[in-house]
Amino acid sequence: MAVKTQEGAQLLTGGEAVAYAMAQIDPDVFPVYPITPQTPIIQTFAKLVANGKATTEIVNVESEHSAMSATIGAAMAGARSMTATSSQGLALMAEMVYIAAGMRAPIVMAVGNRALSAPLNIHCDHSDSMMIRDSGVIQLFAESVQEAYDHMVTAARIAEHPDVMLPVLVCQDGFTLTHSEEPLILTPDEVVKDFVGEYKIPLPLLDVEQVTTKGIFALQDYYTELRYQMNAAMEAAETVIADVFAEYSPLVGRPFGLLEEYELEGAERVVFLMGSTAGTIKDVVDELRAEGEKVGLLRLVSYRPFPAEAIRKALASAQEVIVLDRSDAPGAVPSLHSEMAAALYGSSAKLRAHVFGLGGRELVPDEARAIFAGEAPTHIALRS
Amino acid sequence: MKEVRWHARAGQGAKTVSQLLAEAGLLAGSSVQAFPEYGPERRGAPMRAYTRISDKNIRRHDPVASPDIVIVLEPTLVNEMNVAEGLSDDGVVLVDSNELPAALKGVNALAVPATKIAHDHGLKFSNVVMLGAAAAAGGIPLANIQDAAVKKLGKRLDADSLRGAIAEGYACLA
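Protein chains in written order, with this note's numbering: chain S, 1 to 384; chain B, 1 to 174.
I should point out that these hints are in silico values taken from the structure, not numbers from a laboratory.
Keep in mind that the hints are not guaranteed to be accurate.
[What the hints assert, rightly or not] List of simulated lysine-lysine pairs, BS3-like, C-alpha gap at most 27 Å:
| id | chain 1 | residue 1 | chain 2 | residue 2 |
| --- | --- | --- | --- | --- |
| 1 | B | K155 | S | K47 |
| 2 | S | K53 | B | K151 |
| 3 | B | K105 | B | K116 |
| 4 | S | K47 | B | K151 |
Predicted, not measured: the structure shown is a model, and the values here were computed from it.
The shape of chain B in the complex, shown without the other chains (with noise of 0.2 Å):
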């Protein structure tokens, strides 16, 4: 089973992706579960979604307390907690920076410029870049997390740049 843990400010689009990445689990074949976490409901507030994908029936619903992934979608967050709290022995934090924090030092972590891959893509959302970067660190094929993205999203953003800035992000881990 992988254990994916998304931290973000309410209204970065967590949840979504956090979704999107098991709708792609499921089209992989593998069995799957997706939830938020919130506090009081406000955008802004940090806030946690988590991602369940496994090759056995998911029926635990308590939340991922050792992920194998943790995506930070705001940086800012990394100052305000310890985003690797509880991080799997081989886990990987992959965040959207140009450069790795300062906080993260010593974390097996990875910077993802997502918000310059997503703006590069005509995107204003970074979320879609770190899917890509999730799905790869998860070892989901990249078509799958496209196809998934483009069934959900593909109404309201440009297929091709969604294509494009998922398998940007994908890339960063190949």
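Bound-form chain S, shown alone (with noise of 0.2 Å):
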């Protein structure tokens, strides 16, 4: 009766889950303003300090447009530095997210992703981080409760990497996943220390043996070849990402990657989606191959960088990919279809898609049977 990978496990929510990694990684700074369905992250972790689990300096700011600044400032000054948002907090934030990229402000970022406005909608999609998709900062997706914690774990290292140096954020489904209690076992404090290290930076500001200037001014004669090499530290993580993984993994006995392949092995028919809703996929797809049917699972962690040579060896028997994306683009196709198209360029698979989930309408297991089948409108559990 006794599930063996739960032993050791307490029950917490993803909110909570992010906000425990954090008090382990005890970073110096955490500049903040709560937005649902954020606040779990940030209430739990201000607990934690409060009750002396972390030394973190919370500063309570006015704005996320503040938070992100602050998180930047310290970061830059020599202080390991992290914030958390969700949605129109995100929004809000955007200007300052596109700088810490640039600046290579080495931030970590915990994301309860929800829909943005209008309409006014509190509930998981992926809109806020697609809003975002070419600011430079790395996104990795969770599709559970442990997964989020892990990735928080991880974050930082590949943030401060001398070959990376860019902001990371730690998404998992708002409300989905930052609400909802599942077993998780949390790594031993010591280990997370010893995995995470020192924060080290190239030349902080503080630094007053060796002055320099942040945020500096680029016209004609820079501004290329910074952003070429943002470009460049992108490409430098998707091994970055791999070896911290690499490392972490042994440590706690599961696998992670920029991608999961689930019962790829002969199949023919492929979804790929990011996120929580991929458990609930995984479980159509054994009820499927059980029935006969050749399916099968890619899921994206990594969705910035996004692993194209990786995506296309993974997918390279399938027939038809199917691609659901929690987030649409009006006028022109989602994020992830286009992603892929431009992957699978010059394959012979065919090429499917669907938006799913917008404002938190969970796809559930009828529909993804439909979605195998061919039978699913493009957007899915549509109502007329």
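Grab the two chains, each in its own frame, and use the hints to assemble them into the complex.
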């Protein structure tokens, strides 16, 4: 009866889980502004700090724009800095997110993904993350509470790697994970501490021996070169993420990757998506496999950098790829759909795409079956 | 897998007991999941919460649509919505009420006088009594549910009252 992998597990929500990871990492500075469904993250973290579990300076600012601004300032000064947000908060922060990436500030941000207004909605989709897709931040998407926690533990190492030096967003589905209690195995404090290590960036602002300027002006002379360097850093991030995951994986006995391949062996039809809905699809894949259908799932963990080559390889024998975007793009095709079309360019695989789960309308197993069967509408569960 | 759906008004503690049932399931060695479903977040608005308990790892993240157990913490809700919607073939609806509301006639439903039982034990909230009933319906050992509740609520509520109220709710299903 006992489930083997649950040994030593405790029940925590996704919001609590990333807060515990943050407390174990004990960043120097955490400027933040509350927004649903990110609130359990900062509430739990504040409690942990108040109880002496971490020594972080929490800065209560007046908006998300200020939260990211303060996080950038602290990170550049030489302090390990983190923040957290959702939806409208990320929208207000967007200007500074681009600046964080452009200044190469190795910030870690926990995100509870939530639909953007209007109409006002507090539930999950990925449109907030999509809005800053070209900002130059790394975005990792979790399927479960455990994975959100594990991503949080690894994020600082990725962000602060000398070849990368970019912000990392640890994304989890709002409410579906942030407010959902699932069994979680915490990595021991000392293992997290050793794994994450000290915060060291080249030329911090407070290094008075080597005075530097941050937030520089670059016009026709150097702007192109600096943007090019960001591209190179994002490319390097693909290897760094894989390396950091490979180092963390044996410490906890769980596999990690930029992609997760599920039942791809001999799979003719493969669903491609991000986030917590992958769990529901896996159950349906198992059912359909038992019925003799050759179906599988390719789950995207690393949205940015987008591992196009690895995706192409994983789908080499697929006949049909079904992309599920949890965001829409009026007047164009949504992000995953267009990225997949580019990745598959020249391949003989057929490409089909759907939009699902907008504003928290969760995908149910019957809809997943209809998707595999090719009987689902473009917008899943659209009501007339 | 046992799937449980909780109906309540925000503020009645449905989220708490949905989590406590999961905690008890975890103590009993099962895989579990508990999550609330809000509309607009405001006190008094109807809300739902869900608990899943399984002997296999739970991966799905969709709301419970075919519950084996439905718990109604607020009896007036049965007049506002079909709380038995999607109830599985051998499923049961448990409602906090001294007698079965007319709206639940024809449904496999049982009235649990949880508010009365809670008051008898000096408790203001009946959710823990319904938790006891839910645990009995879900085959969770009484000791596990009592331990889970005392661990989480024991600082604010008298442990013996909690254990007593839960046991009496549990016994309603025995």
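Practice prompt. List, from low to high, the hint numbers that the structure doesn't satisfy.
Written response: Checked against the structure, no hint fails, so every one of them is satisfied.
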